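Engineer: Got chain A; can you put chain B on it based on the hints?
2 protein chains.
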Amino acid sequence: MRLRELGEFGLIERIRKATPSGPGVRLGIGDDAAWVECKKASLLVTSDLLLEGVHFSLKWTTFRGLGYKTLAVNLSDLAAMGGSPAYLILSLGIPVDFKAEDVEQFYRGMRALASRSGVALIGGDTSASKRFFISATLVGYAPYGAIARSGGRIGDDLYVTGTLGDSALGLQLLKRRKHGAGRHGFAYLLSRHHFPTARLTAGALLARKKLAKAMIDVSDGLLQDLGHICTASGVGAVVYQDALPLSPAYRSWAGRKGPLYALTGGEDYELLFCVRRRDRQRLERIKNKLAVRVTRIGECRPLEEGIRVINAAGEPVAIPVAGHDHFKGKH
Amino acid sequence: MRLRELGEFGLIERIRKATPSGPGVRLGIGDDAAWVECKKASLLVTSDLLLEGVHFSLKWTTFRGLGYKTLAVNLSDLAAMGGSPAYLILSLGIPVDFKAEDVEQFYRGMRALASRSGVALIGGDTSASKRFFISATLVGYAPYGAIARSGGRIGDDLYVTGTLGDSALGLQLLKRRKHGAGRHGFAYLLSRHHFPTARLTAGALLARKKLAKAMIDVSDGLLQDLGHICTASGVGAVVYQDALPLSPAYRSWAGRKGPLYALTGGEDYELLFCVRRRDRQRLERIKNKLAVRVTRIGECRPLEEGIRVINAAGEPVAIPVAGHDHFKGKH
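Top to bottom, those sequences are chains A and B. According to my numbering, the first sequence is numbered sequentially starting from 1. According to my numbering, the second sequence is numbered sequentially starting from 1.
Heads up, some of the hints might be wrong.
[What the hints assert, rightly or not] Residues on chain B that point at chain A, a partial pick, calculated with CB under 8 Å: (1) GLU8; (2) GLN241; (3) ARG301.
[Claimed, not checked] Once the Cα atoms are required to be at most 20 Å apart in a straight line, the calculated SDA-like pairs of lysine to any residue come out as: (4) LYS130/B to GLU104/B; (5) LYS130/B to LYS40/A; (6) LYS40/A to THR126/B; (7) LYS39/A to LYS40/B; (8) LYS130/A to LYS40/B; (9) LYS257/A to ARG308/A; (10) LYS130/A to VAL96/B; (11) LYS130/B to ARG308/A.
[Unchecked claim] Computed footprint of chain B on chain A, listed as stretches where at least three residues anywhere in the stretch have a Cβ under 8 Å from a Cβ of chain B: (12) 25-34; (13) 78-88; (14) 107-114.
FYI, nobody ran anything at the bench for these hints, they're computed from the structure. Nothing here was measured: the structure is a model prediction, and the numbers come from that model. All C-beta atoms, glycine included, are put in the ideal place defined by N, C-alpha and C.
The shape of chain A in the complex, shown without the other chains (with noise of 0.2 Å):
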């Protein structure tokens, strides 16, 4: 059934009737607002924007991979203050000619991601819109307080949780039409790119043992975002590229772009975090609790220096800037 044929009021029906009341919830969707316990003094909350045609593509996205991803970048932002998640406002403009079952499909994604994690969808606002797009707001708590990206200090180590590179290079295979399902890691980079993992338990350990003193998620590109961190702490860095945790499927197949996509491209939602340089060995003690392999692959450095990378003879490395900005499209 079309959109068009099965209304708004028809839609919102349909989603309430397929999300149960979550933890917490006391009136969920289908009222003014939702009325939510509030379990903590300090709350985080976290909103994103998705449109088609600027932040994915239906070419390559199915319903469910998107409902999937909507809720996993938005975790990922979460865990990047140290927080938990609870509660998710997900609004849709949609195409009056979609229909009811790819809607409903979104919603399962977004489900299934959303009890493994938690969290409880109480409400959102729906339209007609030419182009599909997504307005998500995740409310959680900070219950060992929120970290955020002023706290970095020259001198501080730089560590990044798991692999980088591996969705941004799964997006360029799959907009290069590319085939290669018997190829080892294949799968491996397309499922990176569309199912991200959220590091929640690294993010709230490392907030509870305070030892990330800053921290973001790469969603831009490592050095945009480290850029974050830097503008924000008001400090430099040096990037030891030969430390960057690269996946062996990201080495089967960036080719000549070497550590390219490691650097600059998006959509890693690994963490980022700078440690007091004391804290080394405090770090490499809990290192096995964090659910995801850490690697450290720098250092602050005076502002004045800027933001660097360099190679195993320390020689500095030009690295073609391409973050992305939503307005200027690439820079």
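Structural biologist: Relative to chain A, chain B alone:
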């Protein structure tokens, strides 16, 4: 300066600088998430999408007015739950050829109402978009418990705040490009459309005194929103046409349409609520503390009677139903 030149980060920086940190805000715009204090155990969250060409037209709306109204309609949703507002999250999809000054006017209009209402803007997202749209999420408190739509019972009195139909009539005048600056009430109707007043004082007092048992704000038109209360409460209703509160300006301009806009026009943002008949005197006694007049316009009836409008003689009046469904259009 066009947004194309200013860029996303330039715009966010401008917004951040112009946004004062509000009460309870530990970390506002510019990090992965906002970090705020939660002062009550009971939270309300509401969200609205506003799309150019669907919910508003830049032909007859200023950016400043739009910023004001974006917050006002969300305040109205919290008022309808008996709540009080605290934190606003605002995401915008903006065409790249918009002027940065226009976007700043939007924020200015929003902030003017925010500071009067004790609301802090704490975050959001921005993206380039073909058409302008706004996604706003408002977080607040329900200190007296939230008033759902579902608490109406057979025999309850139906009340409404303020006057009905002014906004829809004002919009008609705008659409027909009527010019009547000199004629009584013209400016009033337009201002009711552009600058609606959320009935926060009334909503909170009705909740605190436990007088409103079911409540909604009239955004889609009286009959449609009454329908939502009736569906949720499992009752029918009768509306006394002659009791509908109409402003002098409305009476002067409505002409042959009579009470039609008051019954079916949208965007009044008045409160419609159910009061047990035994509480009629108790409501009378606190009327002057509600900061707006309230009028008894009908009563809840058995479900099988549906929703009827009757005239002074008690005869049913035929009303062309014209509520709005954003996927189906007017129906």
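Engineer: Could you run down the list of hints and mark each one as holding or not?
Structural biologist: These are the hints, each one checked on the structure:
| no. | hint | verdict |
| --- | --- | --- |
| 1 | GLU8 | holds, 5 Å |
| 2 | GLN241 | violated, 25 Å |
| 3 | ARG301 | violated, 22 Å |
| 4 | LYS130/B to GLU104/B | holds, 19 Å |
| 5 | LYS130/B to LYS40/A | violated, 40 Å |
| 6 | LYS40/A to THR126/B | violated, 29 Å |
| 7 | LYS39/A to LYS40/B | holds, 9 Å |
| 8 | LYS130/A to LYS40/B | violated, 40 Å |
| 9 | LYS257/A to ARG308/A | holds, 18 Å |
| 10 | LYS130/A to VAL96/B | holds, 17 Å |
| 11 | LYS130/B to ARG308/A | violated, 37 Å |
| 12 | 25-34 | holds (count 7) |
| 13 | 78-88 | holds (count 5) |
| 14 | 107-114 | violated (count 0) |
In this structure, the hints that do not hold are numbers 2, 3, 5, 6, 8, 11, 14, in rising order.
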